[in-house]
Each structure stands twice: as C-alpha cells, then as structure tokens.
Amino acid sequence: MPRFLIVAYGNPLRSDDGVAWRAAEALAAKYSEPDVEIVTVHQLGPEIADSISRAECVIFIDAATRAAAAGEVQIKEMTASAFSEPPGFCHALSPSHVLTLAAHLYRAQPRAFSVTVAGENFDHGESLSAPVRAALPELIARIDDLLAEAGLDDRR
Amino acid sequence: MKQGNTIVIDPVTRIEGHSKITLHLNDEGRVEDARFHVTQFRGFEKLCEGRPFYEMPSLMARICGICPVSHLIASAKACDSLLAVRIPPTADKLRRIFGLAQVTQSHALSLFHLSSPDLLLGMDADPAKSNIFGVAEKHPELALDGIRLRQFGQKIIERLGGKRIHPAWIVPGGVSEPLTQANRDAILETIPDALAIAERTLEWFKSTMERFREEISTFGNFPTMFMGIVKKDNGLTFYDGKLRIIDASGHVVADDLDPTNYSEYIGEKVEPWSYLKSTYYKPKGFPEGVYRVGPLARLNVADRCGTPRADQELAEFHELQRTAVLSSFHYHHARLIEILYCIERLEQLLNDPEILSKHVRAVARPNALEGVGACEAPRGTLFHHYKIDEQGLIRWVNLVIATGHNNLAMNRSVLQVAKHFVQGKRLNPGMLNRVEAVIRCYDPCLSCSTHALGQMDLQVQLISADGEVLDELTRG
Chain A
3 MPRFLIVAYG
13 NPLRSDDGVA
23 WRAAEALAAK
33 YSEPDVEIVT
43 VHQLGPEIAD
53 SISRAECVIF
63 IDAATRAAAA
73 GEVQIKEMTA
83 SAFSEPPGFC
93 HALSPSHVLT
103 LAAHLYRAQP
113 RAFSVTVAGE
123 NFDHGESLSA
133 PVRAALPELI
143 ARIDDLLAEA
153 GLDDRR
Chain B
28 MKQGNTIVID
38 PVTRIEGHSK
48 ITLHLNDEGR
58 VEDARFHVTQ
68 FRGFEKLCEG
78 RPFYEMPSLM
88 ARICGICPVS
98 HLIASAKACD
108 SLLAVRIPPT
118 ADKLRRIFGL
128 AQVTQSHALS
138 LFHLSSPDLL
148 LGMDADPAKS
158 NIFGVAEKHP
168 ELALDGIRLR
178 QFGQKIIERL
188 GGKRIHPAWI
198 VPGGVSEPLT
208 QANRDAILET
218 IPDALAIAER
228 TLEWFKSTME
238 RFREEISTFG
248 NFPTMFMGIV
258 KKDNGLTFYD
268 GKLRIIDASG
278 HVVADDLDPT
288 NYSEYIGEKV
298 EPWSYLKSTY
308 YKPKGFPEGV
318 YRVGPLARLN
328 VADRCGTPRA
338 DQELAEFHEL
348 QRTAVLSSFH
358 YHHARLIEIL
368 YCIERLEQLL
378 NDPEILSKHV
388 RAVARPNALE
398 GVGACEAPRG
408 TLFHHYKIDE
418 QGLIRWVNLV
428 IATGHNNLAM
438 NRSVLQVAKH
448 FVQGKRLNPG
458 MLNRVEAVIR
468 CYDPCLSCST
478 HALGQMDLQV
488 QLISADGEVL
498 DELTRG
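Listed in order, the protein sequences are those of chains A and B.
With the working numbering, the residue at position 1 of the first sequence is 3, and numbering never jumps.
With the working numbering, the residue at position 74 of the second sequence is 101, and numbering never jumps.
Take the hints with a grain of salt, since some may be wrong.
[What the hints assert, rightly or not] List time: in silico DMTMM-like cross-link candidates among lysine to aspartate or glutamate, alpha-carbon distance up to 20 Å:
no., chain 1, residue 1, chain 2, residue 2
1, B, K296, B, E315
2, B, K182, A, E39
3, B, K182, A, E35
4, B, K182, A, D52
5, B, K258, B, D379
[To be verified] Where chain A lies over chain B, by a calculated footprint (3+ residues, C-beta under 8 Å):
no., segment
6, 150-163
7, 171-177
[As the list claims (entries may be wrong)] Residues of chain B clear of chain A, computed beta-carbon distances all greater than 12 Å:
no., residue
8, R62
9, E76
10, G77
11, R186
12, N288
13, F313
14, E315
15, R336
16, R388
17, R392
Honestly, the hints are just simulated from the structure, not real lab data.
Note that the Cβ used here is the ideal one computed from N, Cα and C, for glycine as well.
Given these sequences and hints, build the entire structure.
Shown next as structure tokens:
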C-alpha cells in the first residue's frame with residue numbers, strides 16, 4: 003500500500019494549468035509504487051477521497067492563478083474543511099474538501115500539502131510559459147524535500 | 028433575481044454545463060411560460076473541419092469529461108462506416124464493455140453526486156447543505172457507495188483505455204489493444220461489490236418513492252413520444268441496433284428505423300434564446316414531434332433487458348403505469364435499473380470465451396465519403412455524422428446529442444414544475460430547487476449538447492408580463 007500519494011491536477015490543454023502533469027511525469031521517473039502513488043486528474047472529484055484514505059501523506063500539485071509572480075512555488079499544509087463550507091460544485095472539489103470526505107467517510111486524516119506554481123498563461127495550448135517552465139526544477143526539489151521530511155527516505 | 032414579471036434562475040446547479048431558467052408571469056402573477064436557456068457555446072462541428080478522419084474519435088472524446096466513451100464509440104462507428112469494414116467480434120464486445128462501464132460511472136455520478144441530495148435531504152433542504160457533503164454528513168454509507176460504484180466504472184475504463192478520462196483506445200476499425208487476462212480477472216473480481224451496491228441502492232430508491240408523490244405527478248409528467256436504440260428482439264442495448272419510437276400510450280410509432288438514416292426522421296430546430304438545438308420527430312412536425320430519450324425512454328421502448336435481475340426490475344418498472352412511464356422523476360429509477368443491467372452484462376461479456384482474442388482491429392483505407400455512427404450514451408441516443416473528401420479530410424460534421432433530444436421536454440418540464448410550485452412574485456429555495464431538480468432528472472450534459480466546456484451553475488429569473496424582473500436567484 004503506498005504511503006505517499008501525489009495528486010497532480012489541472013488541464014494539460016490549458017498551458018500553465020498543465021504544470022502539475024509535467025511535474026507528475028518527472029516524479030514518476032523518480033518514485034514508484036509501493037512507496038509512492040502518483041495520480042493525474044483534470045479536477046478533484048469525490049473519488050480521490052478513497053485514494054487519500056490509503057495514504058499517510060498526500061501532496062496536491064496545482065497551478066495557482068492568483069499568486070504574485072508567475073513561477074512562484076508555494077507550499078501550504080492542508081486540513082479538512084468543515085461541512086459548513088460547502089463546495090461550489092461537486093464535480094470539482096478543493097484539496098480541503100476531498101480531505102474532509104476522506105476524514106468523514108474513511109476516518110483517514112493523513113498529513114497533506116498543497117504545492118502550487120503561479121501560472122501566467124491559461125489559454126489553449128500544451129506549452130508552459132517561460133517562468134513556469136523555469137520553476138519546474140524547484141517544484142520537483144520542493145516535493146522531494148516534502149517526501150523526505152515525511153519519511154520517504156527512511157525506507158529507500 | 029426578480030425583474031418585472033420574470034423569475035431568472037442563473038446559473039442552474041448540479042447539472043453538467045452552464046444554463047439559466049426564466050419563468051414568465053402573467054398579470055395575475057401566475058407562471059405562464061418557462062424557458063431553459065443553455066448559455067454556453069463551443070462549436071466542435073466546425074473546428075474539426077479539415078482534420079484527418081482518423082483523428083475524429085480522439086477529438087470527439089474531448090467534447091465531454093463525463094461521457095467521452097460514448098463520443099468515442101459513435102465517432103469510431105462513423106469512421107468504421109467510412110472504412111466500410113466490419114470490426115472483429117472481440118473488438119465489438121470490448122467496445123460494449125467500455126460503453127457499459129461508462130454508463131455505470133456516469134449514472135452513478137448523476138444519481139449519487141448530483142441528485143441524491145434532493146432525494147435524501149429533501150427538496151426543501153438548505154441549499155448550503157444540499158450537495159455531496161450534506162449526503163456524506165447525513166448518509167455516509169450512501170456517499171461511500173456512490174464513490175465505489177463510480178470508481179468501479181472508472182477503473183474498467185482505465186484498465187482498458189489506459190486512463191479514466193479521454194482514453195483513445197477505441198479506434199476506427201476496432202480497438203487499439205486486446206484485453207489482458209490479468210485485467211479481465213481484476214475487473215471480474217469487482218463485479219460482486221458493484222452488484223451489491225446497485226441492488227441496495229435500487230431497494231432504497233424504491234422505498235423512498237412514496238415520499239415524492241407530488242414530484243412524481245408534476246416533474247415532467249405529460250405525454251410525449253420516447254425514442255431509443257433496441258436490439259432486433261427489442262431488448263435493451265447501448266451499442267448497436269435499430270431505433271424504436273413509441274407514443275405515450277406505449278404504442279409503437281416507428282420501429283426498425285436505421286439509425287444511420289436519422290436525418291430522414293429527426294429534425295433540429297434552433298431557438299434564438301438558447302445554444303441548445305431542439306430535435307423533433309419530423310413526421311409529427313415541431314413542436315408536436317417532441318420525444319424523450321435516455322434511461323426513461325430506453326426502458327419504455329425496450330421489451331426486455333436480457334439479464335436476470337434487470338429483467339425482474341424492468342417488469343416491475345413497466346407496472347408503474349399501464350401506458351408508457353411518463354413522469355421524468357422516474358429517470359432516476361430507470362437509471363438504477365440500467366446500472367444493474369450494465370453490471371450484469373459486463374460480467375456476461377467478460378466471461379465470453381472470445382474476449383481475450385488478440386484480433387481486435389480491422390485495417391482499411393477509406394472506402395466511403397460519408398459515415399454515420401450511433402449509440403446510446405448515458406443520457407440518450409447519440410449520432411455522429413461525417414463527410415470526408417478523397418484525401419480523408421473532414422469536410423462536414425453533424426452531431427446530434429442526447430440532451431438536444433430532450434430539450435423540448437425539459438422546457439415543458441420546467442414549465443410544469445414552475446406552474447405547480449412557484450406561487451406569487453417571490454421565490455423561495457424549495458421552489459428554486461424543484462425547478463432545478465426536474466432538470467437534473469434528465470441529467471443534461473450541456474458540454475456535450477452545445478459541445479461546450481462545462482461549468483455547473485444555475486440562475487432563475489421571475490419576469491412579469493411587462494418584462495420587469497421580479498426576482499432572481501443565483502447559485503454556483
């Protein structure tokens with residue numbers, strides 16, 4: 003059973019929104035099951051809660067739209083949201099929403115982090131903007147650090 | 028929001044796509060007209076012109092993130108027709124498996140994630156709680172079943188197609204890879220759990236129907252025709268067959284129609300207030316030619332399912348009414364019976380002795396300049412129609428989508444619900460939710476039907492006879 007779950011989400015046909023998919027490709031070359039499960043999805047649905055329930059640590063990777071500078075990598079520790087904070091729509095949920103579902107339905111509360119890269123261009127296309135492309139190595143390195151800090155190196 | 032004597036619901040929530048509803052009031056403040064406006068546009072039919080025909084299945088799968096497999100199947104069948112090939116029998120069965128898995132996951136999404144809040148928490152529930160989170164809080168076992176059943180379908184698609192969304196495994200002439208024994212066995216292992224979920228959800232649903240007598244009598248409960256593809260023996264199918272149309276009394280209006288000749292009997296009408304076209308049965312004209320498609324229609328036109336448990340449930344379903352089952356509320360019930368059928372049929376197909384055959388693709392060059400592919404998508408009958416030039420480049424495309432077939436009926440349903448539940452010049456959440464809920468019965472996919480990128484919002488407007496917006500409620 004994988005101890006670490008990486009959920010890379012976004013639309014790879016909308017330029018920088020696909021940065022998480024690029025990161026997932028790079029991470030898949032370094033990590034594999036049974037230690038690490040890497041999932042790529044267009045958006046977070048309730049089904050992700052099931053995968054979360056089997057993990058000790060979850061890392062969500064996404065492109066951010068409101069950060070100050072394109073290419074800036076930010077890490078935030080996530081917690082489950084309260085039931086009083088409903089999602090806008092149930093096709094696409096936030097990391098805290100799927101963590102809430104995992105906590106409530108599966109009694110699972112893994113450590114969780116959201117790792118975002120500020121995007122610049124979200125128009126149609128499969129290329130990353132220059133600042134986001136340049137940020138990929140830092141993004142991977144920061145995720146490496148998170149995995150090590152969470153104990154992955156102990157088993158490798 | 029209220030503007031004059033019109034109520035506007037904008038955007039409509041818990042559906043696949045972007046839309047709004049306007050309710051028009053007369054001088055006495057009673058609802059006299061209602062319109063379901065689809066406000067998104069994408070235009071797939073135009074953007075594929077000039078592309079090689081063999082790209083079409085992959086391009087068409089991008090129309091929708093919920094039912095890409097149906098577009099793959101209809102598109103590949105249109106391309107088979109361009110190649111003028113008969114695909115290998117195993118490829119035919121594998122495509123059916125793919126389609127059944129998708130119907131299961133799509134129906135699970137509709138019922139568990141989108142409509143179960145109405146059914147479990149009630150039509151008058153607080154809108155802030157009326158979502159999958161509210162269900163998870165109050166009925167966690169049902170929320171878990173919904174997740175597991177949707178995963179069941181998604182994992183089959185992933186095992187066969189390599190990914191859950193937009194798989195490109197179905198190709199002109201068949202499928203790109205055979206099914207491995209390991210994948211076959213792994214899928215078969217998950218069948219009993221999926222069947223158990225389908226059985227207990229169906230029992231739960233039937234036990235709740237008594238609570239919704241008022242909704243059953245007013246949610247799209249009117250005479251229309253019903254259309255669906257059936258097998259030669261009039262059995263339920265999602266992949267291939269003949270088109271059958273029945274009237275509200277249950278009498279056959281047309282049978283043995285060749286789906287590839289759809290344009291001879293199905294017309295498409297454009298209304299200035301919506302990007303969603305309305306289809307109608309040409310011999311009856313517009314709008315008298317209104318018909319419904321999808322789960323309710325399929326079970327109305329089918330004489331049998333062809334699997335043991337689904338056949339028992341179908342017989343019970345047909346007993347709901349001596350005529351065709353008319354209320355659109357029963358789309359939910361029909362959806363659950365179809366889930367049961369899909370799981371049973373999946374098991375049959377996976378145990379077929381030919382299913383692991385390596386011969387899964389016929390190869391040919393184009394042998395025809397025009398091709399039509401049709402299948403039953405989760406929401407109803409789907410047509411893909413292509414014309415190519417001598418170089419195999421697409422010159423013309425027409426897509427007729429399930430939600431378009433239901434457009435006239437959805438508009439009538441909104442009017443019926445609004446007339447019954449909307450009183451006076453003010454809106455309350457219970458009224459609004461019922462107007463939305465009747466739309467959810469049809470599980471419309473507006474991304475598919477306008478070929479547009481989906482969002483899930485709702486707006487309702489209440490408009491006076493002189494055009495003033497009296498009230499408006501917005502969600503999303």
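Results of checking the hints against the structure:
For the suggested pair B:K296 and B:E315, the alpha carbons sit about 13 Å apart, so the restraint of at most 20 Å is met. Between B:K182 and A:E39 the CA atoms are separated by roughly 15 Å; this keeps the pair inside 20 Å, and the hint holds. Pair hint B:K182 plus A:E35 holds up; C-alpha atoms about 18 Å apart against a cutoff of 20 Å. A threshold of 20 Å between alpha carbons decides the hint, and for B:K182 with A:D52 the separation of about 13 Å falls inside it, so the pair holds.
Of the pairs offered as hints, the one joining B:K258 and B:D379 holds, with about 19 Å between alpha carbons and a cut-off of 20 Å not exceeded. For the segment 150-163 of chain B, the assignment as covered by chain A holds, since 7 residues bring a beta-carbon within under 8 Å of that chain's beta-carbons and 3 suffice. Restraint check on the segment 171-177 of chain B versus chain A: 5 residues with Cβ-Cβ distances below 8 Å, three needed, restraint holds. B:R62, annotated as away from the interface, keeps every beta carbon of chain A farther than 12 Å; the closest lies near 23 Å.
Every Cβ of chain A is farther than 12 Å from the Cβ of B:E76; the closest lies at roughly 18 Å, confirming the non-interface assignment. No beta-carbon of chain A is positioned within 12 Å of the beta-carbon of B:G77; the least distance is around 17 Å. Interface exclusion of B:R186 from chain A stands, the closest Cβ pair being 15 Å apart, more than 12 Å. Every beta carbon of chain A lies more than 12 Å from that of B:N288, the smallest distance being close to 35 Å; the non-interface claim holds.
Under the 12 Å C-beta cut-off, the non-interface status given to B:F313 relative to chain A holds; the minimum distance is some 33 Å. Listed as outside the interface, B:E315 is consistent with that label: its C-beta sits roughly 36 Å from the nearest C-beta of chain A, beyond the 12 Å cut-off. For B:R336, the shortest C-beta to C-beta distance to chain A comes to about 25 Å, beyond the 12 Å cut-off, and the non-interface label holds. Once the 12 Å rule is applied to beta carbons, B:R388 is consistent with being away from chain A; the minimum gap is 27 Å.
Against chain A, the non-interface label of B:R392 holds: every CB pair exceeds 12 Å, the least being about 30 Å.
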